[in-house]
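Chemist: Line by line, the protein sequences are chains A and B.
With the numbering used here applied, the first sequence covers 1 to 336.
With the numbering used here applied, the second sequence covers 1001 to 1609.
Careful: at least some of the hints might be erroneous.
[What the hints assert, rightly or not] Derived, one-sided and incomplete: chain A residues facing chain B with beta-carbon distance under 7 Å:
no.: 1; residue: G68
no.: 2; residue: H70
no.: 3; residue: Q188
no.: 4; residue: I312
no.: 5; residue: L319
Worth flagging that the hints you see were computed from the coordinates, not collected in a lab.
Just so you know, even glycine gets a beta-carbon here, dropped at the ideal spot from N, CA and C.
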Amino acid sequence: MSTQPPEYAKKDFMSDQIIRWCPGCGDYSILSQVQTVFSQLGRPKEEFVVISGIGCSSRFPYYMNTYGFHTIHGRAPGFATGLKVTRPELSVWVVTGDGDGLSIGGNHLAHLLRRNVDLNVMLFNNRIYGLTKGQYSPTSEVGKKTKSTPMGSIDNPFNPLAFAIGSGATCVMRSIDVFAQHLRDTLQAADTHRGTSFVEIYQNCNIFNDGAFDAFTDRAVRDDRILYLEHGKPMVWGKTARWGLRLDGLALQVVQLGDDLDESHCLVHDATNRVLATMLADLDGSDGFPVPVGLFYSVQRPTYDGAFGAQIREAKVRLGEGDLHQLLHAGDTWKV
Amino acid sequence: MNQADTKNLEQVVIRFAGDSGDGMQVVGSQFTRTSALVGNDLATLPDFPAEIRAPAGTREGVSGFQIQLADHQIFTPGDQADALVALNAAALVTNLGAVRPGGIVIVNTDKFAKLDLDKARLSSNPLEDGTLDGYRVIRAPISTMTKDAVEPLGLKTKEADRCKNFYCLGVVYWLYGRPLDATEAWVRRKFKSPYLEANLAALHAGHAWAETSELFQNHYAIPSASLPSGDYRNITGNMGIALGLAAAAVKSGATVFYGSYPITPASDILHNLAPFKHFGVATFQAEDEIAAVCAAIGASYGGAIGVTGTSGPGLALKAEAVGLALTAELPLVIVDVQRAGPSTGLPTKTEQSDLMQAMYGRNGESPVAVIAASRPNDTFEVALEAVRLSVKYRTPVILLSDGYIANGAEPWTLPDIHAIPRIPIDYAKAEEAETFQPYARDPETLARPWAVPGTPGLEHRIGGLEKQDRTGNVSYDPANHQKMCELRAEKILRMRADIPPTQVHGSADGTLLIGWGSTFGAIRTVTDQLLADGHRIAHVHLRHLNPLPGDLGDVLSRYERVLVPELNLGQLVRLLRDLYLVDARPISKIQGQPFFTSELRARVVAAMA
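Isolated chain B, as found in the complex:
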């Protein structure tokens, strides 16, 4: 029996790395579910290559998954890993830098033969050449032990080897005191015999080996976090947006039509929505990005809520159609799950570099509303908000998410569905035919009537040519064009009435960190750390980027220093400088990776010096 002591940890960061065919994302998501079910707060970051399966054993084919879990509230997947599980030589050398000195490294020694080292472009064996000095290394022949564990089931060698991810999971479950039952139930649901039995055998063998091998000095427990009471589930950003759109269909009574063309990292929204047909969600996989947005606009024209989802390259292709939607003044939600650009860029890596494209990336004076999710667990709300604004003001709303939010997961407090306000849909009615004018406006919102085909007496023509105010007839009148441009701009500004006052976290003066999108976790963590150290510092995180909250100028003016951390070369910072003449300074990172809290903290501290 292993006499290892149990040590309590407040938080721990664990990283899994292997070939992209090794099932590392499965291990990560299982570890996430189990940790959530035992009540830890957590945040995750998958890190995988764009290629489906680059050649096995190469550095290019390494797929990783990082999770931070804690007994208190956390906002990021953590900076440096306390433990790494590496399934081959390439995974070890590409991920070791992410492990803190003295951290645990569990390494599959079966994948360090000459051939494996060659594939990983290594001239010497890192198990022997001192690479691992300073780490607590657990050498485990995981492939062999997995093969032995599943041997009675008569699987082919290759099939048996594919169970090794569950073997690893068993090891790590023992190390961090996690129960096996949730994963056992999942395996039973997901797999058929004999793979079901094989995966369970591997899981149990890994757990038993860790317990009996006496290689581990300790094992750990991470007590439950004291989170606000409620029902919880884990949520990724792409699932949160899908659920938010389904809720929008239910709460509006209108069909949500989602037209999309597959693109990383947005495709999962389409996958998640396609089975929601019975909620009034219609999904359409179009022939390209342009057809996808055009079909969504066509659906909105017919009285549905048109939504299209994409990433940066797709948003570029949709630009002309978005311009039409804004001048036709029809509802349209465009979800942009940003990825590193320009062009194809780093498709699976995260970035916040589409803000300027969302704001200005169309011909002509073409203002649209822009809002952003800041973490997986606000995506549901943000999707509802995008629909609400779009329908109320009859204008495109661009919802910015990013790869980090889309694929990252964290616990989400399930909302009471009865507390979600209805989304009123007010189509123009046949009774209004006498006085109907397609470009008459609601005095408060400046929205024009939503007169859908099929309504008797409201026949009218719309299009991309400039329209005469009120009548909507084609007009080349110079003064009318100016008026219409101003009206479209004013309509976006009127949305301020729907934006709550800016929430400030921290001190009332001193340094203000202002951000948007997925930098929330890093900025909030750094702010809390510096507040605890006695600094006068505050954090504002913007959900509404166009228009910005009406009180933002006042808030900015109270701080002597305004810093804008962004995963780009400085985009929000330009908007703030432009609109408020404030000497805001950028803190930029553009590496396809989120901020580490340690690096952000260092840069904030340097800027405050």
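So here's chain A without its partners, still in its complex pose:
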């Protein structure tokens, strides 16, 4: 076996299947970035496994030239957990959406995150049901008019990042389909983290929810609306003007930088601070606040698969390889 890290190009990760997403779908960009990132992770291709549930995003595995498993609605975390604990050397990537991961599969996602199985979750959030043709999703805003909510949705939406942090996730990130370089960097970071990396990816559905993220992704405004989070860096943003985040009591506050205030007066991002991560997750671009992207939260905690394997190894050390004859003859036996 060669120890040389394999050299791949993006095309090595492109499958020969015709892609069936709608032209203009944000999924194309995400697919392209994932293929590029996988080619650069220095890992043999056969060790990548992409596991998905049901929905537009979940067609993803078919388009990756890796091992892939398109499973059932909402349950990808279960399959991924069973695979990872029995084959911990594999690089497992779960692809899900706002419906798959937070509606039908919310339970499994929460349990995956609390267990901290060492794998990566990409949740494509387009705030709509695409494959079933345009019903509101658990991340759709209140008042959303869709085929199933002609008078507007009355459901309060989930905040995926707050959900993840609340479930005990150890690594929580956000990126956006059209931020190619940022998305690649984010996925690289997800690969590096030991434990479940949860990446929310804002993804535009140009058919049923077009422009859902334009308010902060449009080139004309994005630099004034997006806060790029980096651990240890002051939280500042803006091009036409410079803004920063400060703490006002127990709440975040936006301040304009200028003569009196500079970066040194702003809050420095601490990605190990769960309270801060929760506050940042709550920012949605309203009231002058930015939309944060990047690394919200990252801490180290033992992984589930690591502990799972360790118990098996410990049992073998303590008890030796199982002796079947002894096992069957254990307890009270008698001879006839």
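Fit chain B to the given chain A structure using the hints.
Modeler: Positioned in the frame of chain A, the structure of chain B alone reads:
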């Protein structure tokens, strides 16, 4: 000294009943172990409520345990009890109907005060109102005598009272001539001082009281049964399945991954397997039934043997995932320890009503293999068989057990582990990359390659969408869909090659009793009785339910009458009528209880008239 004579019995049925906190299951299992060690054949039936401890003294809180032991081979825990031990008023009135007229009733007279009668919803005292007329009643202040026996040990009143189950055990051990040593050793292992000494004191006091009280006219001996020679142990169905799965890990060299969510009466399989990690068994308690089966499929995808265990309600939840496993064509064993349904039903009571769910309970044309255990002592073999078929044919296999098999116990001849065939695991290899197609098939079994992630050059995608034959690519082609549906159905039928010819017990013509699952004991006993009476009758008991044995149609055609006793409203009988156009008739019982041999016999005789 008691001058009681010793009488030999060929068989005896004993029933213990008390509060669910009284330790009746412990008494039952100790009596079982001891009887097995002295060489009797036996069968047991625990009978307990779903509630952990319903209010003490109420009818709802009564927990029971029945055992039949014999000096010859037996197949059931018996119909009516020859002796009942009742620890309180509620236990007496709820179990007295299970005692034969003239049977022995040992009753704890300390639990018949006004308050006890009220809790048992009794307006008069059954010790005084004639309820017990016609029984041989042994009135024993068991609570008081237990308290006296353990008094020197300084236990609190409540703790002292909890030793009364061992006091009862001592009484019954004397009555049926059982040695105390196995239980003494168990108590020493299980308890710490002062409970160890207290339980032993209660056991010995009960034994001594029975010997000296002169209340018993006789005591009894049940000689050893002449069973086939070999090493034996007692086995419950849930333990047999766990041991079978551990053996499957050893014999295949692959990890057995057991994903499960606690559910009565299947949870003990998870408990039993969890300490078997050093055998290559991995256990996973999932967040729900669905995650449990999905994790098992994920493990199979990674090259392990994925197994999930549940009961009927859980099987319903797993249905969609089982469908995925069958179209992804991955090995998967689903153990369904059936209980009385529908819905939550009677969680601790037995039933055979999931056969149709196992056969058909999925969307689409979704055939899976279905096999069934018939008694505690075949569960080991059946678990191995489920794994073997699942791995060989790369398809889900549903293994049906039930509450009666799961919790019942009987002696099991320990197999020679060297005689258990290896389970070959043939993953697709990197060398096959050039010609690899994920949905190419073995010409004999129709199994597709098991290409596990991590194998260079075999990267491929699978999923729940219909796949093109051979390439496995997503395909909406109409003709391809028909072909794939037919291939999946055909694959199950090909398993007939692995199914031995149908074994017929009894006459070659006349009436055929055909059953599956835990009715084995009752049907076999009735068949033997009627054969002895000169009837032309035979018994076939099916282990393989899908596919059915290839020769079954021929066997059925030889009998003028086919009767199908089942603990449901007629499920196997429908399959037989459907597949063989045979005028099979159901004998149904659906009461959460097994057939009594007497009732089954009466119904068979009526059907033959």
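Chemist: Find the hints from earlier in the document that the structure breaks and name them by number, from lowest to highest.
Modeler: Number 3 - this is the single hint that the structure violates.
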